[in-house]
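Novice: These are the residues of each chain, in order.
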Amino acid sequence: MSTRDAMRRLIPPGSYVLFLFFLAGIWLTISPFAMTTQPSGSHWIASTVNSVTIGVIMIVVSLLGILGYMLFALRDLIRETQAKQVAEQQV
Amino acid sequence: MHTTRPSLGKYICGMAASLIIFLAGGWLMLAPFALGYQPYGADWVSQTTNSFVMGICVAVVALVAFILFFYSLLGSLRASGVLVAPTRVVAQAPVSYQTQTSIPQATTQSQSDLDKTLATLAAALAADLNSRRQAGSDQQNDQNESLVNRSEVR
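Chains as they are written, first to last, in my numbering: chain A, 943 to 1033; chain B, 2 to 155.
Among the hints, erroneous ones may be present.
[Unchecked claim] Just so you have them, the derived chain B footprint on chain A, three or more residues with Cβ under 8 Å:
1. 943–952
2. 968–982
3. 986–998
[Said to hold, decoys possible] So, partial list: chain B residues that the calculated Cβ filter (under 10 Å) puts toward chain A:
4. Tyr12
5. Met16
6. Gly37
[As the list claims (entries may be wrong)] Rough simulated footprint, nothing fancy, chain A against chain B, three-plus residues with beta-carbon under 8 Å:
7. 21–29
8. 51–61
None of these hints come from the bench; they were simulated from the model.
From the three backbone atoms N, C-alpha and C, an ideal C-beta is built for every residue, glycine too.
Generate coordinates for the entire structure from the input sequences, incorporating the hints supplied.
Specialist: Given below as structure tokens:
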């Protein structure tokens, strides 16, 4: 199996979408400060707390989704390769 | 038929992440009204606009991601033989060939359509070969007999 095929199996189209969520999570986290809706020096207002919380959740969940898929796919690849090697040895 | 062992963990991992983010997108749309930082009846403040637009985009794209992972899961289940893949229409062999096959009933029920078609095709080819061999041996016998007759006449 070539490197390109292996990467295709490790990173499906859904993982690219999850990466978009990772970027969206970063934006949600910094948006109250970038858009200056959060007064500097004061306690966080409700919208800031909400945006930062949801942003962090999105970052964590999207990263877990991408890495989880990658780990499972890597495990499958290793198992397939081992099974092929065993079959070739038997032949 | 070659089947692979299905491993569904990776698809469920992606689907769960998409589902959680879909719910987060829904909450982002509702949050300005639920948390009360959008005054009732007034124009939307910038936090509301940002949160609502982000929420819609996140929810829609999360749905797309969920569908992508779901189709990958279906593809994996088809590859492993759990689900039956949509087959193309294949011209069936004549009934006379099917009667010559000697496939046990129990195994044919468990085989897929492709296996059945291949078995029928193999039986048809074997029957065709047998008939050709028989025809060839008959012709040789006829030729031998005619040669013997000619030699007897001479």
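Novice: Check, residue by residue, whether the stretch 51–61 of chain B contains three or more positions whose beta-carbon lies closer than 8 Å to a beta-carbon of chain A, and give the verdict.
Specialist: holds (count 5)
Novice: Under 8 Å between beta-carbons, do enough residues of the stretch 21–29 of chain B, three at least, approach chain A for the coverage claim to hold?
Specialist: holds (count 5)
Novice: So is the stretch 986–998 of chain A in contact with chain B by the C-beta rule, three or more residues under 8 Å, or is the coverage claim wrong?
Specialist: holds (count 6)
Novice: Given that the stretch 968–982 of chain A was listed as covered by chain B, double-check it with a C-beta distance under 8 Å for 3 or more residues.
Specialist: Holds: 6 residues of the stretch 968–982 of chain A have a Cβ under 8 Å from chain B.
Novice: Three residues or more, CB to CB closer than 8 Å: is that satisfied between the stretch 943–952 of chain A and chain B?
Specialist: violated (count 0)
Novice: At a threshold of 10 Å, is the proposed contact between Met16 (chain B) and chain A supported by beta-carbon distances?
Specialist: Cβ of Met16 (chain B) sits 8 Å from chain A, so the hint holds.
Novice: Classify the hint on Gly37 (chain B) as holds or violated, based on whether any CB of chain A lies nearer than 10 Å to its CB.
Specialist: Status holds, d = 7 Å.
Novice: Was the hint right that Tyr12 (chain B) lines chain A, CB cutoff 10 Å?
Specialist: holds, 8 Å
Of the hints listed earlier, the one the structure fails to meet is number 1.
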